[in-house]
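All chains, please: the whole structure from these sequences, using the hints.
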Amino acid sequence: MLTDKEVEHIARLARIELNDGLREQMKRDLSSVLDYAELLQQCDTDDIEPLYQTTGLQNATRPDEHRNDWPMTEELAELLVGQAPEEEQGYVKTKAVKSS
Amino acid sequence: MSDSLGYTIGSARAAVDSGQLSYERLYEHYRNRIDAENEKLNAFLNTKEFSFVPVERDTSPLSGIPYACKDNLLVKGTIATGGSRILENYRSSFDATVVQKLRAAGAQLLGKTNQDEFAMGSSGENSAFGPVRNPRDLERVPGGSSAGSAAAVAGDLCVFALGSDTGGSIRQPAALCGIVGLKPTYGRVSRHGLMALASSLDQVGPLTKNVTDAAEVLTVLAGHDHLDATTMPREVPQFAEGLDRDISDLTIGIPKEYFGEGLSDEVRERVEQGIAMLEKAGATVREVSLPHSRFALAVYYMVLPSEASANLARYDGIRYGHRAEGVDRLLDVYTNSRAQGFGPEPLRRIMLGTYALSAGYFDAYYLKAQKVRALIRKDFDEAFERVDVIVGPTTPTTAFKIGEKSQDPLSMYLSDIYTVPVNLAGVPALSVPVGNGATSGLPVGLQMIGPMWQEERLLRAAYHLEQAQAAAL
Numbered sequence: 001m002l003t004d005k006e007v008e009h010i011a012r013l014a015r016i017e018l019n020d021g022l023r024e025q026m027k028r029d030l031s032s033v034l035d036y037a038e039l040l041q042q043c044d045t046d047d048i049e050p051l052y053q054t055t056g057l058q059n060a061t062r063p064d065e066h067r068n069d070w071p072m073t074e075e076l077a078e079l080l081v082g083q084a085p086e087e088e089q090g091y092v093k094t095k096a097v098k099s100s
Numbered sequence: 101m102s103d104s105l106g107y108t109i110g111s112a113r114a115a116v117d118s119g120q121l122s123y124e125r126l127y128e129h130y131r132n133r134i135d136a137e138n139e140k141l142n143a144f145l146n147t148k149e150f151s152f153v154p155v156e157r158d159t160s161p162l163s164g165i166p167y168a169c170k171d172n173l174l175v176k177g178t179i180a181t182g183g184s185r186i187l188e189n190y191r192s193s194f195d196a197t198v199v200q201k202l203r204a205a206g207a208q209l210l211g212k213t214n215q216d217e218f219a220m221g222s223s224g225e226n227s228a229f230g231p232v233r234n235p236r237d238l239e240r241v242p243g244g245s246s247a248g249s250a251a252a253v254a255g256d257l258c259v260f261a262l263g264s265d266t267g268g269s270i271r272q273p274a275a276l277c278g279i280v281g282l283k284p285t286y287g288r289v290s291r292h293g294l295m296a297l298a299s300s301l302d303q304v305g306p307l308t309k310n311v312t313d314a315a316e317v318l319t320v321l322a323g324h325d326h327l328d329a330t331t332m333p334r335e336v337p338q339f340a341e342g343l344d345r346d347i348s349d350l351t352i353g354i355p356k357e358y359f360g361e362g363l364s365d366e367v368r369e370r371v372e373q374g375i376a377m378l379e380k381a382g383a384t385v386r387e388v389s390l391p392h393s394r395f396a397l398a399v400y401y402m403v404l405p406s407e408a409s410a411n412l413a414r415y416d417g418i419r420y421g422h423r424a425e426g427v428d429r430l431l432d433v434y435t436n437s438r439a440q441g442f443g444p445e446p447l448r449r450i451m452l453g454t455y456a457l458s459a460g461y462f463d464a465y466y467l468k469a470q471k472v473r474a475l476i477r478k479d480f481d482e483a484f485e486r487v488d489v490i491v492g493p494t495t496p497t498t499a500f501k502i503g504e505k506s507q508d509p510l511s512m513y514l515s516d517i518y519t520v521p522v523n524l525a526g527v528p529a530l531s532v533p534v535g536n537g538a539t540s541g542l543p544v545g546l547q548m549i550g551p552m553w554q555e556e557r558l559l560r561a562a563y564h565l566e567q568a569q570a571a572a573l
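Protein chains in written order, with the working numbering: chain A, 1 to 100; chain B, 101 to 573.
Keep in mind that the hints were calculated from the coordinates and are not lab data. Mixed in with the good hints there might be a few duds.
Claimed, not checked - Taking lysine-lysine and the BS3-like style, the derived pairs with C-alpha atoms no more than 27 Å apart in a straight line are:
1) B:K356 / B:K380
2) B:K140 / B:K501
3) A:K27 / B:K380
4) A:K5 / A:K27
5) B:K176 / A:K93
6) B:K140 / B:K380
What the hints assert, rightly or not - Partial list, derived from the structure: chain A residues whose beta carbon lies under 7 Å from chain B:
7) L13
8) E17
9) A37
10) L80
As the structure is a computational prediction, the values presented were derived from the model and not from experiment. Yeah, the Cβ is synthetic: ideal placement off N, Cα and C, and Gly gets one too.
Now the structure itself:
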């Protein structure tokens, strides 16, 4: 069973605010799935390379002619910045990154 | 079977060609169907932003055909929620490639369908906008995460629908609703404009009323896209051609691991009958083994949350989506926006993935899982040296009741036991209906799995199975 401290650490990494109820629930749910995942230790994977992707494609590049397919227009800028909860003069507005 | 499900692409086209109705009238017909039925099914989230677009000339078999689209696919200028509160008011700034392709083909978008939040779920109960109900029994789930798309097709609120499949999210709801659902080979269809869940597993695919329709839709969706570097530069066959070609050239493999404990009797019975029909239609049947099957679910529930935790990091309340108010520090904007906006399943999986990728645990969990994944893929490669198509049940049971599994995440995850290995390996698979279970009277789906890029033979085998069942009626 995960400890409170471990769950808090994960929540911090995941940028999620956990209240007491949620922390308890996460402890139970995560522990249950992690216990199940212990099953993988029964599988011998010595000398096996991980399979990160299944197509075998490498260095998939795109020809330069497509560079201008998506010009930044005023319309697109408005659509994009317009989605931000707070914006000012065409910029996305947030809290200060460095607080004193 | 298709008759009771309303218009297929074929019968809609026949009706229009014979002058019975116009494309506009066909669209109106489905608008009326949605108005009549959506309240009780909760299949559609958004229809008011969509309308009929006149077709100048028929550019494809899909011209004028009304369809529904899962809400995790972007349609420029319209709301796309992904089934989540965090994107409740998000307006898409571009079109998904698949949506562009369907538009160019003249297909008519009716609306966006309900789904488990960010495609995480196997029942449709994880939507922030209420559960979807199975048209075959309103007290039961339609499956998920493409719940609304499956319910819309099965309930005849559209001719076909688009879904996405990361661990079974097209095939499992197709099975539970009694329709056809296909997950293409990974890399066959562009993911550009699909809200990413697990980038090495996700694929977009069709949910349809018959096999021919699935083939027609796949032909339009498929193809290399320079906006998705994971798509394969590979020619797209006309998938609907040659479906009726004899299947005596096919050897069907039955994995013994898929017929063990956990499979309900009524599902087993129908799937075995389906296999017998394939044999009668000329296919050779033999047993195969996929020895690492028992690890697939554990691999999936390590790989998926890990990739999802990375993909969902963007929902931080800054550039779009829900932003928490009344907090002072930027860090609190992140942590509170996410805690407020995400439902329990995304929170669970993000946490799980974050843990599996974290320092000290990466080797034991994520890396280990990806190594076992290689062995699962190897099982399929070796089996496909001996057989052409692998056949088994799509799901262990028929549709369960709403609320039955929602309290225990692990029991919900077990619904995906036959579907997840397919995404891990990257191979294509479809679910085709094989009648109703003897005990429950609810739909049963048979899953066909093929080697990479071999959707043609899956569709051909499925077509023959469909024809055999129609002939037996």
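Cross-check of the supplied hints:
{"no.": "1", "hint": "B:K356 / B:K380", "result": "21 Å, holds"}
{"no.": "2", "hint": "B:K140 / B:K501", "result": "15 Å, holds"}
{"no.": "3", "hint": "A:K27 / B:K380", "result": "52 Å, violated"}
{"no.": "4", "hint": "A:K5 / A:K27", "result": "10 Å, holds"}
{"no.": "5", "hint": "B:K176 / A:K93", "result": "24 Å, holds"}
{"no.": "6", "hint": "B:K140 / B:K380", "result": "41 Å, violated"}
{"no.": "7", "hint": "L13", "result": "5 Å, holds"}
{"no.": "8", "hint": "E17", "result": "4 Å, holds"}
{"no.": "9", "hint": "A37", "result": "5 Å, holds"}
{"no.": "10", "hint": "L80", "result": "5 Å, holds"}
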